[in-house]
Amino acid sequence: MASRTESQTPARPKSFWLRYIFSTDHKMIGIQYFLLAVFAAFLGTALSALMRYHLVYPEAKVRWFGLLWPDGAPGGVMTPELYLSLMTMHGTIMVFFVLTTVPQSGFGNYILPLQIGAEDMAFPRLNMLSFWTTALSFAVLCAAFFVEGGAPLGGWTAYAPLSAIGGIAGPGQGIGMTLWVVSIMLFSVASLMGAINFITTLLDLRTRGMSLMRLPLTCWGWLVTAVISLFAFAVLAAAGILLLLDREAGTSFFIPAGLIVSDRILPNKGGSPLLFQHLFWFFGHPEVYIAILPGMGVISTVLSVFSRKPVFGYKAMVYALLLIGMLGFLVWGHHMFTSGMSPYSAIAFSVLTLSIGVPSAIKTFNWLGTVWRGSLQLTTSMLFALGFVSVFVAGGVTGMILGQPVLDMYFHDTYFVVGHFHMIMGVASVLAIFAGTFYWFPKMTGRMMSETLGKIHFFITFAGVYAIFMPMHLAGLAGNPRRYADFAQFDFLRDLTSLHKFITHAALLTAAAQLLFLINLVWSWRKGAKAPENPWKATTLEWALPSPPPIHNFGHESPEVVRGPCDFSVPGAPSDFLMQHEGERK
Amino acid sequence: MSVMAAGTGRRVSFTGLYAFLATVIMFFAAFTSAMVVRRGASKDWKGTPAPALLWVNTAVLALGSAAVEKARRDLRAADRRKFNIGWTMATLLGALFIVGQIVVWRQLRQSGVYLNSHPGSAFFYVGTVAHAVHLAGGWIAMLYLNVRALRLQLGPGRRTAVDVTAIYWHFLGLLWVYLLWLFQFWGNA
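From first to last, the protein sequence lines stand for chains A and B. Under this note's numbering, think of the first position of the first sequence as 1, with each following residue one higher. Under this note's numbering, think of the first position of the second sequence as 1, with each following residue one higher.
Derived from the structure by calculation, the hints contain no laboratory data. Honestly, I wouldn't trust all of these hints.
Said to hold, decoys possible - So the derived label-pair ranges between C-beta atoms look like this: (1) A:80 x B:52: 53 to 63 Å; (2) B:151 x A:575: 56 to 66 Å; (3) A:135 x B:144: 24 to 34 Å.
Don't be surprised by glycine CBs; every beta carbon is placed ideally from N, CA and C.
This is chain A alone, in the form it adopts within the complex (with noise of 0.2 Å):
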């Protein structure tokens, strides 16, 4: 890449297209992947409004459900197959377009530029190729509700050898499941595009000072998690390619041999269904933590802010990260201790598992620790971060559970597992997607969204988010199996029926009250008041900015970083913040 001169730089392209379709500008790539993020949110959530609907009322004959799914619900009668179809497409959605897709692709691609000084990503061309293939990727997925037998059926986990099989396996394990899979590959290279992105900016494009332990934490959360996206989504691709080969090519990596499927025996030979198991969870699980550190590092930034005090332990903070980005990568098997695997096996897993503990227990307390004794402002920012620390420690606890395979025994396939996993990797993550939208949107749009309106969304939420997934572990401690669509026909069930029936009255009540903070985005957006440069005295470069920044953001007039992300209440100081590029270098 040729250098260039001040004198050449680029103005913002006036074309339409160029400034807001094909725009190479990583503020604009940043807002293309919120509101393709914010969609895929909508369309996840009103999926799982349908499943929880169709569990406390399974015989209800809903007319649009069978104008909508001819095939699916005759009659408007939901059937086993389209809830197995809504429940897979949940979980891809939500894991992939909404988890992976904001915190680390949407405000990462605004906001680290600006927190480092940098006039853009190191590759703005391939960011915008980045961001097109996602979108390609979330259309081809979305294609599957529409082609012969709908979307498939085999959870976001895609487990060979119903998802290796085709057709016969079930209506939307043809074509459905074949979408699915082209799906995954091609976020999986867009993933793979942006964390190169990302890697190399963060390591080659810091302005003058900016050490990496001056690093604000949000771009710690952000290289960790591109360092893990770089090794895990390659391993995923490689699944993909075997996955897809055995259900178009004949091939038999993951279809074992003798496998009868509706009263027909496969041809296929000696495949290992767990080879699929161990690719993808050696995948899935960094996953998680692809979901959930940006937003670590969000839950950082914003507690420092609105408690005015430095972050408690910000090396302590870096390792942690770096312990649980490498951890991550060693646990996958505590996804299979029912797989059969050897017991030794197990115990080494679950001791990694647990370890994990650690480095995420260094930071809840270093959390707890910034606010300690701090003067708070409980903005809605900072409501949301507090109730992700909340969250974070609520699921947690479970995974030390689920951790340990002699319990795992019982709890898996059960909704314990449902509740746990929706509250520290879903629910976690959406609170600070939630924290960090209120946060930046000011940066972002210019503009303020409303106080008001954001406290009544957070109060229904966090409240909602504990009454839907709290109770699921008492349905997974009374052994409530999940992925079943109609559990009501088994006598040891019946009685859990009322619990249900509150569980889903809260999850129509907690996604419906997200339709406030939709109305808050569009409405602060347009009519919001005026965002001065910096809203919440706060010390990072992107501040120091006007709102929205100017395009190539400080230009050639990049400042010289002094000191490091969260300097507040600095004695001496005249104001109670400090920058990270005002008064002397140290």
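Starting from the known structure of chain A, fit chain B onto it as the hints suggest.
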């Protein structure tokens, strides 16, 4: 379009390349582990004895790498004429390798070894095709640089793309040696 200080662009290109190489290594590591597990999972493993042409292709690839390296050094020494000759040779050798691989796949098919014949053949096809796809990407970059080279648009002060492509090409050469070992020695053992 970024506005960067002099030298930053070069550093960025190398970092981007190394990050990319890391992910390619990871991809082939996953592929290898799948191969090892699949072989152990069942008794149906058979090797895929290579047609003799595969060894010729290997030699072509090695020669290509040598030509790339020679050309790269010539460019650094500001000898554009030698660079152009060397780089053009490397581009031709790269094309020859890809054509050679296509012929290898045809020969295998003609002798009745298909993708779905047995696990050994499946991994052979997947591995060699994946390598060829990565190589084709590098070859397109090589061809593009060749056009620029012949227009005399490159020089000792404009050689980052050449260096990056050269390193990528050497990497793919080493990767090929590894795959060859995996298929021919480990796979047939």
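To see whether the hints hold, each was checked on the structure:
Range check, residue 80 of chain A to residue 52 of chain B: Cβ separation about 56 Å, and the 53 to 63 Å hint holds. Range check, residue 151 of chain B to residue 575 of chain A: Cβ separation about 57 Å, and the 56 to 66 Å hint holds. Remark: the range hint 24 to 34 Å for residue 135 of chain A to residue 144 of chain B is upheld by a beta-carbon distance near 27 Å.
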